[in-house]
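**Student:** What follows is the residue order along each chain.
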Amino acid sequence: EDQVTQSPEALRLQEGESSSLNCSYTVSGLRGLFWYRQDPGKGPEFLFTLYSAGEEKEKERLKATLTKKESFLHITAPKPEDSATYLCAVQAVETSGSRLTFGEGTQLTVNP
Amino acid sequence: DGGITQSPKYLFRKEGQNVTLSCEQNLNHDAMYWYRQDPGQGLRLIYYSQIVNDFQKGDIAEGYSVSREKKESFPLTVTSAQKNPTAFYLCASSLDRAAYNEQFFGPGTRLTVL
Chain A
75 EDQVTQSPEA LRLQEGESSS LNCSYTVSGL RGLFWYRQDP GKGPEFLFTL
125 YSAGEEKEKE RLKATLTKKE SFLHITAPKP EDSATYLCAV QAVETSGSRL
175 TFGEGTQLTV NP
Chain B
997 DGGITQSPKY LFRKEGQNVT LSCEQNLNHD AMYWYRQDPG QGLRLIYYSQ
1047 IVNDFQKGDI AEGYSVSREK KESFPLTVTS AQKNPTAFYL CASSLDRAAY
1097 NEQFFGPGTR LTVL
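In the order they appear, the protein sequences are chains A and B.
FYI, the numbering for the first sequence is 75 to 186, going by the numbering used here.
FYI, the numbering for the second sequence is 997 to 1110, going by the numbering used here.
Simulated from the structure, these hints should not be mistaken for laboratory data.
Take the hints with a grain of salt, since some may be wrong.
[What the hints assert, rightly or not] Among chain A residues calculated to face chain B with C-beta under 7 Å, some are:
hint	residue
1	116
2	118
3	123
4	176
5	177
6	178
Beta carbons are placed, not taken as given, at the ideal position from N, Cα and C, and that holds for glycine.
Sequences are here, hints too, so could you generate the full structure?
**Tutor:** Right under this line is the structure:
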């Protein structure tokens, strides 16, 4: 059974204080790992897809990295508008229908 | 603008009633999905469909039903058999190709049972 564990559950940062969110996964052959951002009361917004260990992707202050067992979402010099819940999901090679298994998310708060 | 729409945004249901949540996409995506999200939890898959007139159960299908008569539409019915239906419901779609399988989400419907 595919499993995704995100840590920490919640993270408070001061504006400009860089940090990382962790996503550990267990899957029988990884097809892809996905990061989403979700604001309260809204649907998740797609951020990144990573396909193989060693891959990195960047978007503004966010950088996602991937190893064979975990992914990190690095946030550099965050701003209050980066406050949101960040969700990680995996898709297994054997999965039918592009099914995703989600973690429970990390709730990030960036204080001004 | 291309995207996924869900309606209504808020829905209130009395116990014993069936309700239907709407999901429409104009992205020409093949696959569509329904998820349920409870406070402080991740998304759990209810049903998904890869092509018209075909769908599969997800991890928590009991008490729910779906149809896929058109590529653009994937309505979800929450039946009276669903024991605890109060939740945030999210619809998503994807191209369902090997290299382009990101799922894109609608804005969600919040269902409350009175």
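**Student:** For each hint, tell me whether it holds in the structure or not.
**Tutor:** Going down the list of hints, with the structure as the test:
Given the 7 Å rule on beta carbons, the hint for residue 116 of chain A holds: about 6 Å separates it from the nearest Cβ of chain B. The restraint placing residue 118 of chain A at the interface with chain B holds, with a minimum CB-CB distance near 5 Å, inside the 7 Å limit. Contact between residue 123 of chain A and chain B, as hinted, is supported at the beta carbon level, the nearest pair being about 6 Å apart and thus within 7 Å. Annotation: residue 176 of chain A was flagged as interfacial toward chain B, and the flag holds, the nearest CB pair being 4 Å apart, inside 7 Å.
The beta carbon of residue 177 of chain A is positioned within 7 Å of a beta carbon in chain B (closest approach about 5 Å), and the interface hint is therefore held. A cut of 7 Å between beta carbons decides the hint on residue 178 of chain A: the least distance to chain B is about 4 Å, and the hint holds.
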